[in-house]
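Asker: Grab the two chains, each in its own frame, and use the hints to assemble them into the complex.
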Amino acid sequence: MSAHDELIEPRPQGALGRFRAFREERPHLFLLVLMMLVAFFMMDPRTWVVLTISGLAMGAMVFLMASGMTLTFGLMNVLNLAHGAFISLGAFAGATVLVHWLNGQAGEASVWANLAAVLPALGFALVVAGLIGLLFERLVIKPVYGDHLKQILVTVGGSIILMELIQVVWGPNEIPVPRPETLTGAFLIPESLPVIGGVALEKYRLVAVILGLAVYGLMTWVIERTRTGVLIRAGVEDREMVEVHGYRIRLLFLGVFVAGSALAGLGGAMWAMYREIITAHMGDELMISVIVVIILGGLGSIKGCFYGAVLVGLINLYVGYLEPRLAAVATVGLMVGVLMWRPQGLIPVIKV
Amino acid sequence: MMQRLLSGDYPRSRALTALLLIIGVSLALGPFLFPGVRAFSMLGMICVFIIVVASYDLMLGYTHIVSFAHTMFFGIGAYGVAMATDAFGNGYGAVLAGIGGAVLLTIVLSLLLGLLSLRVKAIFFALVTLAVAFAFLSLVTQLYNLTGGEDGLAVRVPRELGPAFRPFDEPWVGFDVVGFFSGLFSDPGNAFKDALFDVRVNGRHLVYYIAFASAVAVFLFLLRMVNSPFGRVLQAIRENEFRAQALGYRTVFYRTAAVIVSAVLATLAGVLFALINRYVNPENTLNFELMVFILLMCVIGGMGTLYGAVVGTALFLLAQNYLQDLLKLLAGHVEKGSMLAELVGPDSWLLWFGLLFVLSVYFFPAGIVGQLRLWAARRRQRRAGNGGARRDGVPAQGESHAS
Numbered sequence: 001m002s003a004h005d006e007l008i009e010p011r012p013q014g015a016l017g018r019f020r021a022f023r024e025e026r027p028h029l030f031l032l033v034l035m036m037l038v039a040f041f042m043m044d045p046r047t048w049v050v051l052t053i054s055g056l057a058m059g060a061m062v063f064l065m066a067s068g069m070t071l072t073f074g075l076m077n078v079l080n081l082a083h084g085a086f087i088s089l090g091a092f093a094g095a096t097v098l099v100h101w102l103n104g105q106a107g108e109a110s111v112w113a114n115l116a117a118v119l120p121a122l123g124f125a126l127v128v129a130g131l132i133g134l135l136f137e138r139l140v141i142k143p144v145y146g147d148h149l150k151q152i153l154v155t156v157g158g159s160i161i162l163m164e165l166i167q168v169v170w171g172p173n174e175i176p177v178p179r180p181e182t183l184t185g186a187f188l189i190p191e192s193l194p195v196i197g198g199v200a201l202e203k204y205r206l207v208a209v210i211l212g213l214a215v216y217g218l219m220t221w222v223i224e225r226t227r228t229g230v231l232i233r234a235g236v237e238d239r240e241m242v243e244v245h246g247y248r249i250r251l252l253f254l255g256v257f258v259a260g261s262a263l264a265g266l267g268g269a270m271w272a273m274y275r276e277i278i279t280a281h282m283g284d285e286l287m288i289s290v291i292v293v294i295i296l297g298g299l300g301s302i303k304g305c306f307y308g309a310v311l312v313g314l315i316n317l318y319v320g321y322l323e324p325r326l327a328a329v330a331t332v333g334l335m336v337g338v339l340m341w342r343p344q345g346l347i348p349v350i351k352v
Numbered sequence: 001m002m003q004r005l006l007s008g009d010y011p012r013s014r015a016l017t018a019l020l021l022i023i024g025v026s027l028a029l030g031p032f033l034f035p036g037v038r039a040f041s042m043l044g045m046i047c048v049f050i051i052v053v054a055s056y057d058l059m060l061g062y063t064h065i066v067s068f069a070h071t072m073f074f075g076i077g078a079y080g081v082a083m084a085t086d087a088f089g090n091g092y093g094a095v096l097a098g099i100g101g102a103v104l105l106t107i108v109l110s111l112l113l114g115l116l117s118l119r120v121k122a123i124f125f126a127l128v129t130l131a132v133a134f135a136f137l138s139l140v141t142q143l144y145n146l147t148g149g150e151d152g153l154a155v156r157v158p159r160e161l162g163p164a165f166r167p168f169d170e171p172w173v174g175f176d177v178v179g180f181f182s183g184l185f186s187d188p189g190n191a192f193k194d195a196l197f198d199v200r201v202n203g204r205h206l207v208y209y210i211a212f213a214s215a216v217a218v219f220l221f222l223l224r225m226v227n228s229p230f231g232r233v234l235q236a237i238r239e240n241e242f243r244a245q246a247l248g249y250r251t252v253f254y255r256t257a258a259v260i261v262s263a264v265l266a267t268l269a270g271v272l273f274a275l276i277n278r279y280v281n282p283e284n285t286l287n288f289e290l291m292v293f294i295l296l297m298c299v300i301g302g303m304g305t306l307y308g309a310v311v312g313t314a315l316f317l318l319a320q321n322y323l324q325d326l327l328k329l330l331a332g333h334v335e336k337g338s339m340l341a342e343l344v345g346p347d348s349w350l351l352w353f354g355l356l357f358v359l360s361v362y363f364f365p366a367g368i369v370g371q372l373r374l375w376a377a378r379r380r381q382r383r384a385g386n387g388g389a390r391r392d393g394v395p396a397q398g399e400s401h402a403s
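Chains as they are written, first to last, in my numbering: chain A, 1 to 352; chain B, 1 to 403.
Just chain B, with the same shape it has in the complex (with noise of 0.2 Å):
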């Protein structure tokens, strides 16, 4: 069962079993688990761009194809029901109707995109969607009477997806566990009766657990390609182009092949996006900002691990939502004014990212979970290695000895 759901690719760390395990269940019953309109709304993100960015791998960690266009199929997934819902009412139909025209222009695109620029040279690609997707944001942000320009648009969603829609008259209960924690400390006696808390289920949780369901059907979807002759494949190019072409693989085919199926996915996941944030503007889907937000999750959770984009969502925007509380504390301590409180300024969280970010691509080229596999994959082989010696109290010796 777990063989064919995760396509045989597992996570191969305990550690990152862990933390998976933690993210899942999170994800999972995250609506009843941690309170508040934030924590909810980052949940609801963290489903959204673990699509965005699973899909992204499959192009950066798989093929080894820089794309600086992702964000532009994400803002038409995402424009495309807000447009659909604005000149056609709040109906399923208006939805549909966003989706199958975003996806078809996605198609249109990538397919375009792929042919013109992956058939010279693979760096031309990432200059050259760059300028495209800069071509697309600002056609989106002057075609104003259309798209509302800058002010962007607000998407009526169908009634059954919004707050007004109650399936149940009853609130169901919530547990909150940063509460419990933090009160097993304070208030040892009344901790568990302090973190419940009331839920009342709406038609916006439902438009969650439809994003949750997309973005683990997607996962898996992407875990059995990349494990499929296919993927294999695409590896096989990100290893070796010219090999591939020699085995007689039609490079060209299977990259814009890969460029396309991220690219659509890329479409739902902002489909996904209008539905839950019910607001789109050029800022929140098509910046270029956006775009390295994107890249920093994909590397900083592992390149071509499809897990990578799990973890690095999660942390990326766990820090986005929450680092700058903790630079305000830290900046508290620091005398104002003066360079240092600049630095650890709450505005500058982003030039510690960028940092990390840098350091990673050196020190740690696979990511998280690259080095959480690789840590794993030491000691399964000191302990295969050297298990008689470890007994005799001598220490491993590493994987030099092992292999």
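For reference, chain A alone in the conformation it holds in the complex (with noise of 0.2 Å):
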């Protein structure tokens, strides 16, 4: 193939040439590389190096929002608008643990201490959210399956259903979380280092990139290693081929349907901690980066949807500190501009 390739169009040459091959092979490297040096002129660098680490942090919690959405549509062509309610009920389910059930280990100072209570709160966010969406699968989903305007609709009417289930369960007010001693406060670069010495990391955002990174890897050892990866990826590719092959998909869809509930109740437990104060409606907010982030990756995609959730963390914090009040419409215009550049998103994986 590639050889064919070749023949038809010479490898480019020269440094402009190879230029315009890197960026529209690579798209998700060239934009990602451009965003942060253009940034890198605009600000001082260890103002720089804060931004980027903030970014790469919520890049990563957005990441694993994001995830379980792309993959449902990509395997079976569901959009779930109600993916929002399950990171408000993650969030919801996480401080619960943290605020009822073990207040004193939370506010400890030990870390084992405190990972007895982070632990718990993050699995049973992990949980809640994966049995709930087994539920809204079987008895929301499963009958619309192939319509996307009654998908569209009836997910929207899922989403204030579970949104009001919250409200009832937890109350209608805001509820403030509170973050586990060890990770609040700040972990300083020492000022021997050159240029960004002295730089003073949340420490709470480094653990929210390793965590991110973390699952990234597992979801890409699942999906490219393993026979359920295998037969994920055929199935986002051609659905009917792998059921011709005698697997059930609907079997499988589920799976990853929950799965990718429980990633967004986990990502919403991570972004509980990371706001320290939660609502029943935090997210119909997040759910405009998810749909962003899965727009820019192209629809189905791990990979983009990865790499478009750290461009997305990284441009509404460089817009943020430049501008504040033009954060949301960058994050936006990010979208659109992709949209105009590469309709089918950074990654495509199926054919739109």
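One or more of the hints may lead you astray.
[To be verified] Below, a sample of chain A positions facing chain B; criterion: calculated Cβ distance under 10 Å: (1) VAL156; (2) LEU162; (3) GLU285; (4) VAL332; (5) MET340.
The hints are simulated quantities; they were obtained by calculation from the structure and are not laboratory data. Even for Gly, the Cβ is constructed at its ideal location relative to N, Cα and C.
Answerer: Shown next, in the form of structure tokens:
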């Protein structure tokens, strides 16, 4: 195949040619590097480092929320606009564990006591969102497979119901969420290092970046190295062909949907600890970032979703620093720009 | 006459005709039938939202385009008037300038939106409009020196459209329908006399009737439009886009046109909203929740039937205003503090409407109007199919017989 390509189009020569090839073949990296460079020249390097790390942290959390939605769309052509409700659900479930059940541990200074509070909180968020996701798929989404209009309507309705139920269970007010003691505060880069010495990095953001990367790694591993992953990828590409081979794609889809909801819940719980205050409608606001991310990345693509999330996180922080009022506009502007440049998104998987 | 006015698209159901007549008469004589500020403002909102929902139906019901930016255009209209009167004072020139600017912005934005996302895939349109509407909302909230931010803007309407303008010295007589019927039970003798009340006609009634006339005009215009060749092409695109394309129609052009018409009408509704409400803020014009409400009204009333917009709007706004009272009454009978009390509490009316919405998408995809028409059609078929059998006392067999 590649030899054939070379016959038609010789490898690009010269710096400009190579640059063009890079732009066309790796648009996600091109955009990422471009954005970081532009930002780098518009602010001082130390601010830039802080903002970049924060942007990565936000990107990591948004990735957790968006990955499920992009996969459900890619695999089963299901557009789940109730995804935001699962983000809220995870946030409230996580907060419940932190606030009510394990209040003591989160306040203590020891790392282990903190972990004993955070891990159950994240786990509980994961489980609750996953279980409700299972119910939601069976009750709400299953009857409307293959009908986009009805999916949009039904999931918007489902989102209203879920958010109202959250308000029934947890009350209509905002809930403050304590951030574990060891994760508050910042981590100082030693003064001796050149350029970035003395920069303070918030610990929680570093943790978010690490967790996000871990989930991305795990997901990539599942998708690329395991049998389930092969089936998922095949299903995204051609659902009927997988069915013809005797696999029950509905079951696979159910699994992906539950996992996606659970990850949205995990992201929501992370976000709750990051923002330290939650409302039932926080999912609606985050949905916008999620939607921008999945359109940027290309519907159905995990890799695209990851880079899209990082781009959204970075542009939010950069623009938020330069002109706070335009952060949301810049995010959507990025999406519009990418849509005009590449209507299928940065790393398209499914044919649009 | 009726044929021309309704463009040959009759309600086609006796119950629906009756319902529409009730709504029409209530709106036409509204200020003289229902006393009180709350009822008056609700009637005004029904007129405004009939325009919003009917124009939304042109996209959603007739072309199957899901847009989440309808409130954005609504907000552009409302803010256009508010900002223009804020800057140039309360003359008619300022209002017209606001309308002109708003319509122009709407046309440009909707054209861009249509060309940008309808080209790719229909489903993108929903996502892109959602994101763009959100960006617009955040822009309006952030640019507070221009738009008043979260606090919003008071609209300075011309004097003739405000409460200070009194064209008649004598109060007119109104007749409280609800009071009359409840009076019939409690005190039949004086029910008629008690139901009479004074209406002091002022500028707000004038605005109300402008809104009412606009609602009727827009409704008839849309009815004309969907029953014209243009509307038929939209419906063809809805049923099978590929085939419409194969027949030689430039579907992107038609879709974009539908989006623009619908957006401009929403802008006009926003203008009326600003004049009636005399106060705009992001909460009452641009909120995502408002968008969901519009979707709910459209679907519960019946997608793809403009009459559904009227029925859905009236029903929804009635519920929004009075269902909470009903739920409060219900909550009084349930013990306090339990989960059940929360479920039927007045704050959770939206939960029940969401449930109704989802169920109606599953079981009555054509909404109230579609269901009424279906029943009427079945009855007609039964009558035509085995009218003879019925006279003999044999029950009808349903539509399978007739077809």
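Asker: The structure should be examined with respect to each hint, and the outcome stated for every one.
Answerer: Outcome of the hint check:
no. : hint   : result
1   : VAL156 : 6 Å, holds
2   : LEU162 : 9 Å, holds
3   : GLU285 : 8 Å, holds
4   : VAL332 : 4 Å, holds
5   : MET340 : 7 Å, holds
Against the hints set out earlier in the document, no violation occurs for any number.
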